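Take the two lone chains and join them into the complex the hints point to.
Chain residues, written in single-letter form:
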Amino acid sequence: MLENKKMGRIVGVNGNLLTVEFDSHVTQNEVAFAIIGDVRLKCEVIRVRGSRADLQIFESSAGLKVGDAVEFTDTLLSVKLGPGLLTQVYDGLQNPLPKLAEKAGFFLQRGLYMDPLDYNSTWEFTPMAKVGDKVAASDRLGYVPEGIFKHYIMLPFAFQGTWEVTEIAPKGVYKLNDTMAKVKNAKGEERVVTMVQEWPVKIPISCYKEKLMPVEPMITQMRTIDTFFPVAKGGTFCTPGPFGAGKTVLQHSISRYAEADVVVIAACGERAGEVVEILREFPHLEDPRTGKPLIDRSIIICNTSSMPVAAREASVYTAVTLAEYYRQMGLNSLLLADSTSRWAQALREMSGRLEEIPGEEAFPAYLESRIAEFYERAGLVVLNDGSKGSVTIGGAVSPAGGNFEEPVTQATLKVVGAFLGLSRERSSARRYPAIHPLESWSHYKSVVDPKEVAYARGILRRGNEINQMMKVVGEEGTHIGDFVIYLKSEFLDFVYLQQNTFDEVDAATSAERQQYVFERVVGVLKDEFKFDDKDQARRFFLELRQLFTDWNYSPYNSDKFKKGEEAIAAKIKERCVNA
Amino acid sequence: MRKVYHKIIQIAGNVITVEADNVAYNDLAEVTSSRGISLAQVIRLQDNKVFLQVFAGSRGISTGDEVRFLGHPMKVSSSEDLLGRVFNGAGNPRDSRPAITTDQIDIGGPSVNPAKRIIPRKMIRTGIPMIDLFNTLVESQKLPIFSVAGEPYNELLARIAMQAEVDVIILGGMGLKYDDYLYFKNVLDEHGALSRSVLFIHTASDPVVECLLVPDMCLAVAEKYALEKKRVLVLLTDMTNFADALKEIAITMEQIPSNRGYPGDLYSQLASRYEKAVDFDGAGSITILTVTTMPGDDVTHPIPDNTGYITEGQFYLKNGRIEPFGSLSRLKQQVNGKTREDHRAIMDTMIRFYSDYKETLEKQSMGFQMSNWDKKLLEYGVKFEKQMMDLSVNIPLEKALDEGWKILADCFDKTETGIKSELVEKFWPK
Numbered sequence: 000m001l002e003n004k005k006m007g008r009i010v011g012v013n014g015n016l017l018t019v020e021f022d023s024h025v026t027q028n029e030v031a032f033a034i035i036g037d038v039r040l041k042c043e044v045i046r047v048r049g050s051r052a053d054l055q056i057f058e059s060s061a062g063l064k065v066g067d068a069v070e071f072t073d074t075l076l077s078v079k080l081g082p083g084l085l086t087q088v089y090d091g092l093q094n095p096l097p098k099l100a101e102k103a104g105f106f107l108q109r110g111l112y113m114d115p116l117d118y119n120s121t122w123e124f125t126p127m128a129k130v131g132d133k134v135a136a137s138d139r140l141g142y143v144p145e146g147i148f149k150h151y152i153m154l155p156f157a158f159q160g161t162w163e164v165t166e167i168a169p170k171g172v173y174k175l176n177d178t179m180a181k182v183k184n185a186k187g188e189e190r191v192v193t194m195v196q197e198w199p200v201k202i203p204i205s206c207y208k209e210k211l212m213p214v215e216p217m218i219t220q221m222r223t224i225d226t227f228f229p230v231a232k233g234g235t236f237c238t239p240g241p242f243g244a245g246k247t248v249l250q251h252s253i254s255r256y257a258e259a260d261v262v263v264i265a266a267c268g269e270r271a272g273e274v275v276e277i278l279r280e281f282p283h284l285e286d287p288r289t290g291k292p293l294i295d296r297s298i299i300i301c302n303t304s305s306m307p308v309a310a311r312e313a314s315v316y317t318a319v320t321l322a323e324y325y326r327q328m329g330l331n332s333l334l335l336a337d338s339t340s341r342w343a344q345a346l347r348e349m350s351g352r353l354e355e356i357p358g359e360e361a362f363p364a365y366l367e368s369r370i371a372e373f374y375e376r377a378g379l380v381v382l383n384d385g386s387k388g389s390v391t392i393g394g395a396v397s398p399a400g401g402n403f404e405e406p407v408t409q410a411t412l413k414v415v416g417a418f419l420g421l422s423r424e425r426s427s428a429r430r431y432p433a434i435h436p437l438e439s440w441s442h443y444k445s446v447v448d449p450k451e452v453a454y455a456r457g458i459l460r461r462g463n464e465i466n467q468m469m470k471v472v473g474e475e476g477t478h479i480g481d482f483v484i485y486l487k488s489e490f491l492d493f494v495y496l497q498q499n500t501f502d503e504v505d506a507a508t509s510a511e512r513q514q515y516v517f518e519r520v521v522g523v524l525k526d527e528f529k530f531d532d533k534d535q536a537r538r539f540f541l542e543l544r545q546l547f548t549d550w551n552y553s554p555y556n557s558d559k560f561k562k563g564e565e566a567i568a569a570k571i572k573e574r575c576v577n578a
Numbered sequence: 000m001r002k003v004y005h006k007i008i009q010i011a012g013n014v015i016t017v018e019a020d021n022v023a024y025n026d027l028a029e030v031t032s033s034r035g036i037s038l039a040q041v042i043r044l045q046d047n048k049v050f051l052q053v054f055a056g057s058r059g060i061s062t063g064d065e066v067r068f069l070g071h072p073m074k075v076s077s078s079e080d081l082l083g084r085v086f087n088g089a090g091n092p093r094d095s096r097p098a099i100t101t102d103q104i105d106i107g108g109p110s111v112n113p114a115k116r117i118i119p120r121k122m123i124r125t126g127i128p129m130i131d132l133f134n135t136l137v138e139s140q141k142l143p144i145f146s147v148a149g150e151p152y153n154e155l156l157a158r159i160a161m162q163a164e165v166d167v168i169i170l171g172g173m174g175l176k177y178d179d180y181l182y183f184k185n186v187l188d189e190h191g192a193l194s195r196s197v198l199f200i201h202t203a204s205d206p207v208v209e210c211l212l213v214p215d216m217c218l219a220v221a222e223k224y225a226l227e228k229k230r231v232l233v234l235l236t237d238m239t240n241f242a243d244a245l246k247e248i249a250i251t252m253e254q255i256p257s258n259r260g261y262p263g264d265l266y267s268q269l270a271s272r273y274e275k276a277v278d279f280d281g282a283g284s285i286t287i288l289t290v291t292t293m294p295g296d297d298v299t300h301p302i303p304d305n306t307g308y309i310t311e312g313q314f315y316l317k318n319g320r321i322e323p324f325g326s327l328s329r330l331k332q333q334v335n336g337k338t339r340e341d342h343r344a345i346m347d348t349m350i351r352f353y354s355d356y357k358e359t360l361e362k363q364s365m366g367f368q369m370s371n372w373d374k375k376l377l378e379y380g381v382k383f384e385k386q387m388m389d390l391s392v393n394i395p396l397e398k399a400l401d402e403g404w405k406i407l408a409d410c411f412d413k414t415e416t417g418i419k420s421e422l423v424e425k426f427w428p429k
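Protein chains in written order, with numbering that gives the first Met the number 0: chain U, 0 to 578; chain X, 0 to 429.
Next up, chain X with everything else stripped away, as it sits in the complex (with noise of 0.2 Å):
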């Protein structure tokens, strides 16, 4: 029987701290007050202080409420009942059937050593010509979609979730619009995939803390799928609820932090969850796409900034389309190599060519005389957004490079595109 305490001697935000004795970093403790039982785990151990952050928020606990020690860190079923059910962010079932609680592993495990990574080397293929041939996914790529409010971000995220060739999704939401949850939920009944999927869902009506766990439970699962051989995608949106979470209990804590309130592990934080991507030598692999929205369109934001020095690239949505500026996928090197020779040339050539219409069109804004040179960008540019970027083009990459070869053909001769002369034979359209 464990020990139950009563005096609860602070209270500040969702951390509240206990005298307690015999208490381990990372302990989980049940709270329980008038609202209910809620789950909190220790942050801080201080002398015989012990600092618990209780996920269901501290509103309407009392000094005297009990709260009791698990003597565990907090776990997760990894079953394969797993396969087809919805939790919430603590763990428990959202969708009004029993709890599983065999095979419990604990979250936030360690990290896998690099020496049993392998360079990844398989494409997925999402049909869309800005990720296929321009930015290729990569199976254990770790991925953000960087975009704003009002973006279609998790559609986004959802049709490649369903073209990906993966064993099993499992979809993390945190501060997740009920809608959005819906839509999710009922994208993935459409196309028979919810059989093979796990959902942890928190929305953005639950207590803000309790997304904390969100990603660590989400990764627990997958890992221990990819290490049973399974090809595991996981999704993950929105990371910045996430990474708000953090900052509000860093505050709390009173740390000093490092820019714009958040905490200066924040960069770690982050990295402990991305870097759960990987491709196991001799078992399955875990790839991970998410979204972090990003405050003000800003880039620079810790958030997105942090972000992008972690992630293998990122795909930058914006007024509906996957910009080719921003966008980048770090892994596309290990796969387009292979597909066809013509690939890194053309994806090449028609970034810079996208990339030379902006600025003519910078200076046809500004009233100058157009050269026969800009005409022929002004061209390009708009056959580019209509016939590669536009986000219901639905082609498999082979066609897309011909249609690239076709663009290309029809604004420009052959010296002008300055690609190697050998791959022109060959390519031209005649």
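Extracted from the complex, chain U is given alone in its bound form (with noise of 0.2 Å):
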């Protein structure tokens, strides 16, 4: 057995770079174990110089020592797919952190993997395939009920080819690695499917006829987003900011409320914290759709910033990937990565350790094309049974300084479709969410008519130019007329933009409802009002923002929100010209 092994001893140690002499071969991105005692340490290849390998360590390397074993796999860092995905919390190699929790305690212990999967759950299976079906990779061969979903067992993805179902297990209940189908292909080749497959995460699945432009919009419930910058199902959109911007709370707000089927939170490279409020919240908090915990659309990936670099870096491909497997089965994933910065910084620290020649900021030259290949496995995609499925991916960025010029922010901005840009400014000013309504862009549909969200739009540019024209020529300086343009602008931003995240009403906006009040914000914005003098422009402004805001934190419909609504328009009917 050992003879059969690819072995190699360390050469050099530098951080959770290795350095290896192998004996036989290597392949590029192979997983390898450092022996270290009777621990077994993870490792990916990723560089091959002469009989040399440069091996990134998941793990921490101390302790190791030159001519210490190393012992090659020949498989390439994969995730397992299959049933009981959802609700799991992972570390960023696909370990469940709850079992890790239950066996080593309070801390995590070096070199300890667990099955990702419990292979003692069972599964009732109904069969969709029948002897004889020819099949091809992604093909459905029967279903397991997951939570609210169908989880269909399909061909796995690395099935080359078109194939012969030779025997298929009747319905029933099975374990996950019972066979529950025996396929052949043209060769006489014959394999067996079991409920799990494992697929390499760092290559995307591409089991489907076409990708199509996304065009339906994911409400977040969020009325900034959906109304002002929108993201499609199956598109990208990404939210730099500096730190205190209020990133993570979005993230969250977006994680909670957002209409996809299934959710995918990769924690990666930030506090720890953070991740702990989603694992004890989410099994609590119920799913507005569903009337189900939320967890049970969830897959958590958590690898924060004191856990091992390396593992960052595999974290968000493990998480796009089971995206992705959602996906193939007619579902709308969500991904949402905080914060592909530490994953980018992942990336600079092994580009340094390897004396790889730097490129801005010392990240290394492929960073750009890194990024762009993580954000091009977004995508709307026509299954091979002709359905949708569709993977969505909101990456956060930590820019250094928070200077948006930094080199992981503009790789990010040439690929994505929507750029929420959050300021400190905003956030300063408590303005929450803090997307800056003037920079931030999008290319997708929004919920409400496109030429009314150019107005406010408008109204919102003049008031800003107003306000720093005010700056210079003083108050009294200033036409009244541009005055109420600029108290306008912001009774726009109160009222509409600023959405209280913390309360439980105003925390989600129905679709349904940003219709409904954003036509009353934009008829309060083409109104004509008659002012005897600037204070008597302010004060009013200031009660009808008093009026909307309550209104705002009124449940949609009822009574107190349809009183509120009059009590609006009898306060605009005071001072309106044109009512």
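Keep in mind that the hints were calculated from the coordinates and are not lab data. The hints are all genuine.
Below, computed lysine-lysine pairings styled on DSBU-like, alpha-carbon distance capped at 35 Å:
1. U:K387 - U:K413
2. U:K570 - X:K357
3. U:K444 - U:K525
4. X:K229 - X:K398
5. U:K570 - X:K405
6. U:K533 - X:K425
7. U:K387 - U:K174
8. U:K210 - U:K186
9. U:K559 - U:K533
10. X:K374 - U:K570
11. X:K429 - U:K562
12. U:K533 - X:K385
13. X:K121 - U:K98
14. X:K337 - U:K561
15. X:K121 - U:K102
16. X:K337 - X:K429
17. X:K223 - X:K74
From a predicted model like this one, the values you see are computed outputs, not experimental measurements.
The structure is reproduced here in structure tokens:
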């Protein structure tokens, strides 16, 4: 047995980079294990030079010595795909964290790896394919129920060409490793299909007919996003912002209220505390669409900042592979990665250790292509059977110094469909969400009439100009007409752009309510008012703002909501000329 | 008997290289030179070359000096006897009492499994309105004080430590001025807190590299105590010195610098320390308060910038006051909904007005006519600075809230505040 294994020995240790002299041959990106006593530490080959390979190690390298053995596995870094992924909490290498805690206690134990899926769990299988059917990779052989979804058991994505079903399990209860089907190809090769398959994380799953243009909006229930800077199912967006601007709060809010089927949250190199909030709250929060706990539709990948850096690099790939897997079942997956900058920094750390020639800010030259590859894994696709599925990717970006000119933000902006830029200016003024209404953009379709949106943005831009001007010429030097436009832009900001994530009602605004309220708000923007002086105008808009704020806090179509609307109408009448 | 090596083949900066076999990464060695014995740590292995960072510095080390590998990484005692004691950056006693060698544990241990953490939920009361009311400190939070040289950051740190209700205080000083060390010691002593404190002090006159171990030693001890169900407060001052020591070693090792000479892994290095702050599921907690002095008051400098992305907010100390802008406690939402119903509303409204006040000040300084509204804001700003921001104010949260309503009522009428009508009806001073 031992003779068959490809072995090597360590000749250098530099942080999380091992240099290994190997005996026969190695494959780029294959997994290897460094052996220290009876502990085996997972590594990945990232460069080969002559008879030496450089490996990034997914654990702390403390205690390794020159001469220690390394065992190569011949397989690329992969994840296991099968029923039971939903509700799980994994680290970047798909180890289930709660199970690790059961086994190792408070701390993460080096070299302890566990099965990502529970092989003792049982699932009720219903076959869909028949003996004699010709099938290709990703074709559905049957399904098991997982939460509210039909989890399809598909022909593994790695099976190339056409296969004939020679055996299919009858309806019944099975375990993950039971044989669900047997298939044979034209060459006479026979293979067994279980409920679980493996897929290398760094390679996109491409078993679909074609990729379509994303058009249908992905409702996030955030007014600024859905109305002004919408996101599409199968699209991509990024949320760059300096620290403290509310990136994470925004991402959490989207993960809660977005109308996606499956949400994969990749906490990549960020604070552990933030993940804990999701871990502890999602099992108790109700998904408004299904009435089930939010965790039932979520997978959490959690490789926080103090966990090993190399595993951080792997974590976003693990996350996107899981999202693609559920897409193959005709579902809409949403991947939220917080933060892609940490992932880029992991690349930079390894690049530095490899002593590669650095690009801008010491990021490697391949940074842009890696970021593009990652976002290109999003998309709306037509599957083999004609149904559609999508992966939407939203990445938070943490630019150094809050400066959007830095390489990660710039590389991301080139490839995303929507840019939700968070500004320190707005967050300091407690204007949340701090998405900058003038700098952000989106290529996707809004939930309201785009003409009205353009009108509202026009007011915002004009109001901003007038505000700048007022700083030079003073309020007394500003014409009252201009002053009212400024007040209108402030009004729009306060009652529509700003949204209180911590209020039960205001936190989520349905598309229907957005359309309804936005019409009223634009109505006010278009109305002509008559004021004697600026103080009167200011007071009027303050009062109107108060009424709208109270209105936003009232449940949609409740009595309070209707009363609020009447009060608003009465208030507008007081001063409106064209009413 | 461990082998002794006599041939140092390279000395560069504070890193020496010897040829040796069977040495493990991260292990310690003792380097004996004419200046005495210093600890050194393995930071790189390449074929038979071993790179060691010498904590006492390489000055006076000769190529013929003795290097003896200890066969284990850095350890620190975690015994209860540590309480009331002072150690230096290498873990040796600074108070001329005997060394403690029991209960040795490794420093820089693995990170906590996120599944074993719980959501922080306990407010730490400090009596400072700018903290309690506007940026509430929470048990198990990690929070730096961003400041510049000359500000009373160590005083602020000491004051919070004295008022916080915790079981153990661990102070880690990095490049601390000797006066500041004595100040901390005296304050702890005066409040009778020295007997529940452990001090790891690296002063400005000690070798620079020695401060690299301070955070890890403090946090290893803190972790041990927290597992014994104690609530531990760790104070680290000043993290900028720690980051600069990292930079020094990285440059010596010819690593490619990422930004202003700092190594590319600065974020990960800082994070692995800060992330030790934790509220354990079924045990104690660790709260970390640090000082980060910003070179040139520049928050975009790599040290404060990376720190800000790691920590759960920051207190911005400027001109002897905690600035409301730039200061942030990310965990405040966990607790400020449960204090008093008007807490969040007062917090948001007062800060918003203060921001408006700042704008008005700008207008005023440019000589513009002040409208009625501007005059109200000016009155408000002065009151806010005096009754809320001044660091000498020491009142409990509830009193600070009442004070807030009073200031609002003095300056504005009810509609102008924009607070939910229900709250205004209940709390508006009659």
